[in-house]
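Number of protein chains: 2
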Amino acid sequence: MKIVIIGGVAAGAKAAAKCRRLLPDAEINLYTDDTHVSYSACGIPYYVEGNFEDYQMLLVRSPEEFAQQNIYVHLEHKVSKILPACKKVLVENLKDKSAFLVDYDKLIIATGARPFVPPIKNIALNNVFTVRRIEDAIAIREKVKISKNAVIVGGGYIGVEMLEAFVRQGLHVTLLERDEHIMSIFDKDMAQIIKDQLMALPDRNFEILTGETVTEFIGDNNGVNGVKTSSGREFEVDMVLICAGVVPNVQIAIDAGIALGSTGAIKVTPRMETNITDIYACGDCVQEFNTISKAPMWMPLGSNANKEGRCAAMNACGFPEEFAGILGSSVTRCFRLTMSLTGLTEKQAAEAGFEPVSVIVNKYDKVGYMPDASNITLKLIADKKTGLLLGGQGIGAGDTDKRINTLATALLAKLTVEEFFNNDLTYAPPFSPTIDPLLNAAQILMTKVDKHD
Amino acid sequence: MKIVIIGGVAAGAKAAAKCRRLLPDAEINLYTDDTHVSYSACGIPYYVEGNFEDYQMLLVRSPEEFAQQNIYVHLEHKVSKILPACKKVLVENLKDKSAFLVDYDKLIIATGARPFVPPIKNIALNNVFTVRRIEDAIAIREKVKISKNAVIVGGGYIGVEMLEAFVRQGLHVTLLERDEHIMSIFDKDMAQIIKDQLMALPDRNFEILTGETVTEFIGDNNGVNGVKTSSGREFEVDMVLICAGVVPNVQIAIDAGIALGSTGAIKVTPRMETNITDIYACGDCVQEFNTISKAPMWMPLGSNANKEGRCAAMNACGFPEEFAGILGSSVTRCFRLTMSLTGLTEKQAAEAGFEPVSVIVNKYDKVGYMPDASNITLKLIADKKTGLLLGGQGIGAGDTDKRINTLATALLAKLTVEEFFNNDLTYAPPFSPTIDPLLNAAQILMTKVDKHD
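Residue numbers (our numbering), protein chains in the order written: chain A, 19 to 471; chain B, 19 to 471.
Here chain A stands alone, though its shape is the one from the complex (with noise of 0.2 Å):
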C-alpha cells in the first residue's frame, strides 16, 4: 500500500502519523513544497510577540522523527501534477530542480491555505510581508525588532493577533480594514464593540482605522516607507504585513479534475474523498459543511485540520469514519480582550433559513467583589419558532472562551434555549456570579422565542 501525502503543516502531518498508526506496513511519502513539516502556523503570532525565543518550539514533529517511523518527509518538494488516471504524482525537487513520478495506492491532498493579496500597487517591495510559513516568522520578527512604526492591512483574526505582537514589540501600529468593521466575522453589532472596546485600552499604541482601503506602498531600495488610502491619508511605515485573507490552495486539485465546493475550497465528502477515486483531502484547502444550517463553510482553523487530517487518513486506510461537520468555533485574544463564536451568526442564521431572535448581555465574569472580576458581553441567537439554539459570541476581558465552549456543546447536541436554561454550570465567586452570564443570556433569550407546550 503507497500513500502519498501532499502537504505537512497540520492536516498532512496529522494523516501521514495517523496512517502508520493504522497501516503498519504501509509506505508513506510526504511532499511538501515547504521548508519545515509539522508546525504550528497558529503559533506565529505568539513567536514575532516574544513569548518564546526559540522558533523551533513552533516545530511539533521533525523529518527525523517521522522518518524513525518510516514516513519519508520531502521538504522543497513540490507536487506539480496529479495524474489520476495512473495513479501517480509528478514531484519537483525545488533543489536541485529534479522531477520523478511517484506512484499512489491512496492519496491525500493537504495543501493548505495561502496569504490573499490583494492589488495594491508596489506590492513588491521590501519589507511587505505576508505570514504563513516558518522563514515568513523569522523575517518579521527579525524586521520588527528594528522598527518603529508598521501598518496592517486587514484586521481578522491574524491581523489583530499581529497587532498585538508588534505592539508588544514596541511598535507603533496603525491597523487598515477596507470594511466597516474589523473582526467581521463577528455580526456587526459584536464586531462594533469589539473596535469600541480595543480603542479603549489605556496606553494603546495602535490605531485601528476602518473603511481604509490601501491604494498604494511608497518605497525605494531599502523597502517600502509609505502606505497610501483611498481617503487620501498617508502613513509612515518601516513595515508592513499584509493579512488580508487566505484562500485555498487549489490549482493543483483543478487541474487533476477535482471538484471545488461553493466556497471555493475543495469539495470533499464527510468521509474527506474528493470526487475522483483515491484521492483524499483535509485541512485548510477542503471545504467544510456546518453542523447545524449543513451549509458550506470554509473555516481553515488548526483545530479542524487536525480533526480532518485524522479522518482522512482513517478512510484512506480502510476504516470507514465520517467528520462530523463544524460548529464554526473560534477563539483570539488582543491584548486583554478575547473574541470567540460558535455556530452560526445572526446573518448566518437568516441566510440558513432561520429566523433568528437574539440577546446581548454584558456581565461580570465572576462575582463583582472579587478583585479580578472583568466584564464580558455575550450574544446568545435561536431560532425563533423552535426555539434551538444555533449560535454564540462573546467579547471581553473576562473568561469568555469558557462560554463559548459551553455553548458549543449545546449547539452539537441541538438544544433548545429552554433546555439550555436548565443547565448546572459550576459557580465559586473565582470563577462566574452565581447565576452564569449565559443562563441570564438564556433566559432572556427564552422570551423571544415562541412557546411551545
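Honestly, the hints are just simulated from the structure, not real lab data.
Quick reminder that beta carbons are idealized off the backbone N, C-alpha and C, glycines included.
Accuracy of the hints is not assured; some may be wrong.
[To be verified] Lysine-lysine pairs mimicking DSBU-like chemistry, simulated, CA-CA at most 35 Å apart: (1) 432/B / 466/A; (2) 402/A / 36/B; (3) 312/A / 105/B; (4) 466/B / 20/A; (5) 466/A / 113/B; (6) 20/B / 36/B; (7) 432/B / 285/A; (8) 469/A / 285/B; (9) 96/B / 113/B; (10) 36/B / 403/A; (11) 312/B / 105/B; (12) 466/B / 312/A; (13) 466/B / 285/A; (14) 312/B / 432/A.
[To be verified] Which chain A residues stay away from chain B? Per the calculated CB distances, all over 10 Å, these: (15) 137; (16) 141; (17) 143; (18) 161; (19) 241; (20) 250; (21) 265; (22) 281; (23) 305; (24) 403; (25) 430.
We have chain A already, so just place chain B on it with the hints.
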C-alpha cells in the same frame, strides 16, 4: 395574597424578589433569625483572604432595598413553628423577645444549612470557629490578623478555601481530615492527586494530614491553644476553624410534619412543593435529584439555591415551572489549583446501576510554547454499555473549569462519548492545545465502551 418566606440568604432572597416581580400586589414578608439578608456566603473565604476590605461587599441587597419593593424583611426574627392547619407561622422577635402569629397563603421555607459540629472535647472554647454568617466572617478575619497558627478541621470545599485564605493572611495552617482523602466529593484517585498537588506547591505554609481525627481542644479562658488528634499528635494553635460539613436546617419542617428525603433534607417535588399544601421549600434545606441518575442528591450550593428560589416563587405565585434537577457541578480553587467536577463520580455511577468506565489524562491546558501553559488532569466517565457520558472531574493549575462546564452541557444533553468526540471546541494557542484535552480523553474513553452500529 400573603406570602411568607422563612430564611433570606440566597434562595429566600431570590424567592422574595421573584414573587414581587410576578405578583406586584402580594404581601411579602421574609423572616430570618440572621442579622443580615441576601448575602454571598460563598464569598466569605475571599473576604477573609483579603480580596476586599469591606464585608458589605458580600451583601447583595439590603433590607431597605427590599422595602422599596414592598418586601418586608424582618431580621433577627425566628420562625419557631409552622401551623399548617391554620396556615400561620409563629414568629419570635429575637431583639425584644416578643412573639406573634402571621398568616400565610403560601409559605416558602428557605432555612438553609448550618455547619456540622463534631463531638470534640472543649469545642466551646473561644477562638474555635465555624463559618456561615456575616458575623462569623468578621470575627474570623479579625482573629486571623492577630494569629500565627491555625488548625482547620475538615478538608472539603470550605476547608481548602479557608486554608488558602488563612495562609495568604500569613498564618501557618494545619488541615486535619478524618477521612483517607480531602475533597472526598471527588473519586479517590482524583482526591489523591489534589492532595499531592497541594502538598507539592512551593513555599507552602501549610500541612494537610489525612486520617487524623481531632479528639480534643486544649485551652483556657483566653481560648483554644492546642489541638489533639487520635494518633496522639498535638498542635499549638491560636485559632481553630471547623469545616466538617454542613447539615440542613430542617427541624422546623419536621415539627410541622413536612417529610424529609433520604439525604435528610426536605423532600420536594420538581415544583419545589413539600408534602403539605401551599408550603414550598428551596435552597440549602432541600433535597435535589441528579439529572442523570434521578437519584436523590443534596448539594447545598449558591447556584442551586438561586435557581430553586426562583422556581419556588414561580410555583407559589401560580406560574407552574419544574426544576430540572442538578448535575452536581461545582468548582473551587486553592492557590493555583482549580478543582471542578460535574455529573456522577465513578462510585456514584456504579451505585446508580451504570457500568462505569473511565479515563484520566494529563495535558497542558494550552499550547505548550505559551508561557502560561499549565497542567490539567481530567477524568471522564461513561457507561460501558451505552457510551452515555456520566461525569467528569478536573484538577490543575490550568483552565479546568472551562472543560467541566463544557462537559456539564454534554451531560445535560445526554450525549454519548462518541457524540461528544465530534465537538468543535475553540482553538487558539493562548486558550487550548489544537485538540482539547477533553477530546483526547473522549478519544481514549471511546475505546473502552461497547461498539454500536
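Tested hints:
At roughly 26 Å between alpha-carbon atoms, residue 432/B and residue 466/A fall within 35 Å of each other, so this suggested pair holds. Distance check on the hinted pair: residue 402/A and residue 36/B sit about 26 Å apart at the alpha-carbon level, within 35 Å; holds. Of the supplied pair hints, the one linking residue 312/A and residue 105/B is violated, its CA atoms being roughly 58 Å apart against a limit of 35 Å. Simply put, residue 466/B and residue 20/A have alpha-carbon atoms about 31 Å apart, close enough for the 35 Å limit, and the pair holds.
A hinted pair counts as satisfied when its Cα atoms are at most 35 Å apart, and residue 466/A with residue 113/B does not qualify at roughly 48 Å. Between the alpha carbons of residue 20/B and residue 36/B the distance comes to roughly 14 Å, so the proposed pair stays at or under 35 Å and holds. With a C-alpha separation of about 32 Å, the suggested pair residue 432/B and residue 285/A falls inside the 35 Å cut-off, and the hint holds. For the proposed pair residue 469/A and residue 285/B, the alpha carbon gap of about 30 Å is at most 35 Å, so the pair holds.
Taken as a hint, the residue 96/B and residue 113/B pair is honoured in the structure, with Cα atoms around 10 Å apart against an allowance of 35 Å. With a CA separation close to 27 Å, the supplied pair residue 36/B and residue 403/A stays within the 35 Å bound. Taking the CA atoms of residue 312/B and residue 105/B, the gap is about 32 Å. The hint holds against a cut of 35 Å. Proposed proximity of residue 466/B and residue 312/A is supported: the alpha carbons are some 31 Å apart, at most 35 Å.
Between residue 466/B and residue 285/A the CA atoms are separated by roughly 34 Å; this keeps the pair inside 35 Å, and the hint holds. Under the criterion of a C-alpha separation no larger than 35 Å, the hint pairing residue 312/B with residue 432/A is consistent with the structure, at around 22 Å. For residue 137/A, the requirement that its beta carbon stay farther than 10 Å from each beta carbon of chain B is met, with the minimum near 30 Å. Non-interface status of residue 141/A relative to chain B is upheld: no Cβ of that chain comes within 10 Å, the nearest being about 28 Å off.
Every Cβ of chain B is farther than 10 Å from the Cβ of residue 143/A; the closest lies at roughly 30 Å, confirming the non-interface assignment. At the 10 Å boundary, the C-beta of residue 161/A stays outside the reach of chain B, the nearest C-beta of that chain being 21 Å off. Chain B leaves residue 241/A outside its interface by the beta-carbon criterion, the shortest separation being 30 Å against a cut-off of 10 Å. Its beta-carbon lying about 36 Å from the closest one in chain B, residue 250/A satisfies the requirement of being farther than 10 Å from that chain.
No Cβ of chain B approaches the Cβ of residue 265/A within 10 Å, the least distance being about 21 Å, so the stated non-interface status holds. Here residue 281/A stays apart from chain B, with its beta-carbon at least about 17 Å from theirs, past the 10 Å limit. Consistency note on residue 305/A: stated as away from chain B, and its beta-carbon is indeed over 10 Å from all of that chain's, at 15 Å minimum. For residue 403/A, the requirement that its beta carbon stay farther than 10 Å from each beta carbon of chain B is met, with the minimum near 20 Å.
Not every CB of chain B lies more than 10 Å from the CB of residue 430/A, the least distance being 5 Å, so the non-interface label is violated.
Figure legend: structure checked against the earlier numbered hints; hints not met, in rising order: 3, 5 and 25.
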